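Visitor: Each chain is listed here by its residues.
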Amino acid sequence: MSDFETVAASEDQAARRGPSGEPGTPNRVGQPRKPRSLAGDAWRDLRRKPIFWISLVLVLVVTGMAVAPGLFTGNDPTDCVLSRQHAAPSGGALFGYDFQGCDTYARAVYGARASLLVGALSALLTGVIALVVGMLSGYFGGWVDAVLSRVIDIVLGIPLLLAAIVLLKRVSTDSATVRLGSVIFVLAVLGWTTAARVVRSSVITAREQDYVAAARMLGAGNGRIMWRHILPNALAPAIVVLTIALGSFIAAEATLSFLGIGLREPTISWGIDINNGRVHMRESATPLVVPSTFLALTVLAFIMLGDAIRDAFDPKLR
Amino acid sequence: MFRFIVRRLLQMVVAFFGTTLIVYALMFAGQGDPIQALAGERPVTAAQRAYLTEKYHLDATGVGGFFYRYFDYISNLLRGDLGESLTGRSIGEILAAAWPVTIKLALIAIAVAVVFGVTAGVLAGIRRASIFDNATLLLTLLVLGIPTIVLAPLAQYFLGVKWQLFPATSGADPDFYALLLPGIVLGSLSLATALRLTRTSVAENLRADYVRTARSKGLPRRRVVSVHVLRNSLIPVITFLGVELGNLMSGAIITEGVFNIPGVGFNLFRGIRTEDGPLVVGIVSVLVVVYLVSNLVVDVLYAVLDPRIRYE
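Chain order of the listed sequences is A and B.
93 is the number that full-length UniProt numbering gives to position 93 of the first sequence; each next residue is one higher, with no gaps.
181 is the number that full-length UniProt numbering gives to position 181 of the second sequence; each next residue is one higher, with no gaps.
Read the hints as simulated data drawn from the structure, not as lab findings.
Please read these numbers as outputs of a predicted model, since none were measured by experiment.
C-beta: ideal position from N, C-alpha, C; glycine also.
Careful, some of the hints might be misleading.
Listed next, the stretches of chain B that the computed footprint assigns to chain A, with coverage defined by at least 3 CB atoms under 8 Å from CB atoms of chain A [claimed, not checked]:
1) 4-17
2) 135-146
3) 286-298
Full structure from sequences and hints, please.
Guide: Spelled out as structure tokens, the structure:
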């Protein structure tokens, strides 16, 4: 790998020197040019992709909505007046009003916070579980690997939606914080397996490398080898998987709220609004279409972002 | 091969007990008074209480009692006796009525995925980086990214209510036409994944040494693609579709709910909403078995299809 990069870098240098340069002169020893790393290559690749920029902008906009919804709408999403039921757009309400007389657009903007919170925190928790399990399983191998791999098999054998329904059914409280926490917890507990497998396989690859053997010969303990030498290798693929998982966690949260067992009123969630809009879609479709579009674009943005990064980091696809 | 199947079966048994135990524990452990839950709001007489305690072995308490009841449930499950829902209907009967509908729906979805997904995937894989390839990639990304709770109601609204191309909901005994739109919605996800899998593996195999050999032997391109490349490329696709068939039997809760289709997912969702514990556990256990068996079949198929895979 490193040979390859050096060759590529020096070729690049030769090309850049152009006709006026002196090809064949060795690199000046005092200030060696840094060979491009895998990340540098990936970044060059990413920069030219419109999908990467589009999804990045979408992610930033949605994050902005979650942090400061007041910047995007001046209306209060909880200001609902029944006399405005299904009223046409007016006074800052870009898409009119829904069945309860709430501003459809304002509700969609304020819905970003719950979605992103659930998505980001469950992805974070998933990442922690996956790193620990994948690292132990891949590094130690043997019976540890056998046991943990069976555990992964079993958890993978549980369909996510079914198990989430069964688990969340046990949460009977209406407290918004507790419901939010349990949705995050349930999604993470059920969703860590794919990431753990990814971590496990990159740990197994890294474990066999010469530098790990070198570190061991220098007297490094298991903990140090795992933390300093193997973890950095496992991190990049895990982050890519987690970006995509973040998108699907947002979708899962909306689905659970849609079914009535995830978040509940008065928390504003796209899933709840889609379900409400669906019931009254024959009278007015905008309360269904607007939160649907917001949800679809957000999920898409994260999945596209993860996809683009993965493509850029996969040397086989070059 | 024989040893592989035996080992795989043993693995499946472990996974079966693991998953059913988890589901059972989640549904029943730590619940309040199960007898009162069974009776609902009505008062329970001492005689009834004694009878139910005896019948369901509720007098055994603690962890031992839990496992006692769990094995009771497992042995009933293995005998094919799923018990009764809280409304008194036999769960076996409910499933027998719901299953044909769900299977029909799943088959439509898989057919959509195979016909459009695999064909387009092969084309995209052969013509990598063409306009067609990039267009399909973008389209599949859109489909993969749009959750079912967005896709299903929007499809229902635009195609069913607004333009009236399809029936918006299906009744108690849906025909093929009523299941077509839900089938397409359900199949679109599998379609997108099948397309991407086919595309990647066709593109990878086209660059393989044995394909170059076949070409340099002077075989026509058509034969190289349809025999040499396809045979190896379809292995991951078949795995995926097999697993997906297992998933579709259970994963159709949203689609069946939105389009009002009386299948397994619909019944499961109703069971959850009405707090019908036995119904949920019954359906979920059966679905877990379906999922595990379809995984096993797929693994064995895998070994048959690919001569390079030898499990010993």
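Visitor: Does each hint fit the structure? Answer for all of them.
Guide: Quick rundown of the hints versus the structure:
For the stretch 4-17 of chain B, the proposed coverage by chain A is satisfied: 3 residues have a C-beta within less than 8 Å of a C-beta in that chain, meeting the threshold of three. Coverage of the stretch 135-146 of chain B by chain A holds in this model, with 6 residues showing a Cβ closer than 8 Å to a Cβ of that chain against a need of three. Proximity of the stretch 286-298 of chain B to chain A, defined as three or more residues with a beta carbon under 8 Å from a beta carbon of that chain, is established by the 5 residues found.
This entry satisfies every hint, going by the numbered hints stated previously.
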